[in-house]
Amino acid sequence: MTGLGTLISVAAAFGWLSLFAVGGAAAAIPEIHRIAVDLNHWMTDAQFADTFAIAQLSPGPNVLIVSLVGYHAAGIAGALVATLAMCVPTAALAYTVSRLLHRAGDSPWPALVQAALVPLSIGLMAASGLVLAFAADGSIAAVVLTVAAAVLAAATSLNPVWLLVAGGILGLLGWI
Amino acid sequence: MSSDSPVAARLPRDPPMSPLPSTFALFVAFAKMSLAGFGGVLVFARRAIVDKHRWMSADEFNETFALCHFLPGPNIVNLSVVFGARIRGLAGSIAAFAGLLAPPFLIVTTLALLYAHYGDVPALRRVLNGVSCAAVGLLMAVTWRMMLPLLKRREPVALVMLVAVFVAVGVLRWPLPQVLLVTIPLSIAATWLAQRRGAA
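Here the protein sequences line up with chains Z and R, keeping their order. Sequential numbering of the first sequence, starting at 15, is according to my numbering. Sequential numbering of the second sequence, starting at 307, is according to my numbering.
Next comes chain Z alone, as it looks inside the complex (with noise of 0.2 Å):
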């Protein structure tokens, strides 16, 4: 399977996808991850963990994660296919709404709809944790740098940036 045969399964994939992506890219990966691993395998576990290693190391909204998947399956091209079958069906229905809603008064139902749709979304970041840790940490000493960063980042005001950089050097060390 080459070409636009991967192409249209990339756009097919993450334009469906988008529609579904409540709570932003971080609340999307279990979905990106069975997509372009377990169905597709455009790459592997262990390139996915690097895929979001790579993309919380890079300027720019966290979405740009599926550009490194787009990328794996189908180069440039992929990247650029993926990013946009992403961004722009959702893009468009935002544009149409915030056209149409000028003169919406106060419905109560964006609000409503808000506070149903919060747990979901949070109960998938944790998924996403759950599913990432299962890729990135294959040793005990992966499992205590995970737990470490998480419990350092939840009860300090420490620049995340930092434990990103921990994490690095200690694995540059071989620590990990």
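None of these hints come from the bench; they were simulated from the model. Take every hint as true, because none was put in to throw you off.
From the structure, some residues in chain Z lie toward chain R, with a derived Cβ separation under 8 Å: (1) Ala-40; (2) Pro-73; (3) Leu-107; (4) Ser-112.
Restricting the straight-line Cα-Cα distance to at most 20 Å, the calculated cross-link-like pairs of lysine to any residue (SDA-like) are: (5) R:Lys-358 x R:Gly-346; (6) R:Lys-458 x Z:Ala-129; (7) R:Lys-358 x R:Pro-327; (8) R:Lys-458 x R:Gln-501; (9) R:Lys-338 x Z:Leu-71; (10) R:Lys-338 x Z:Pro-73; (11) R:Lys-458 x Z:Ala-168.
From the three backbone atoms N, C-alpha and C, an ideal C-beta is built for every residue, glycine too.
Chain Z is already provided as a structure; the job is to place chain R on it using the hints.
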């Protein structure tokens, strides 16, 4: 956030706003926010739009963001499109969208290219492995912080929905669309009932 107070104090008697930006200025402004945003662009978007350029009041920004949060898709991408449209119509939307995504896309794609060539180098493998372990921990911490208010308020409906989605998607690895097609209506109905009972 020490710079917040003087700005807040100035807002009431000096209400919005600066002259509205051109399409090109929109592109540049969103490119800048995007490139400044490690681990999420929203904070930088608010700072640029509300505090620095004063293109929107804090309330307008919150209102716009609430709409973008409510719609599916990446929130910040939606925000760029809605904000661009309010300022300069369709052209403004496209400029903000392109500014937000094009520059970091080039960076990320370059990194993907480098990874494809050097991803097997042992030292790089070890570094990335360490970074990804730490990054997973960071994600868990963010999730925990978001979960705290729900735990404190002891909302049984919300907690049951949260656990149900976690088990279905994270443990059982069921497909996200199907899970959400069931849980979104359920959660809306349960939230509505709980709010009505709370009001009565």
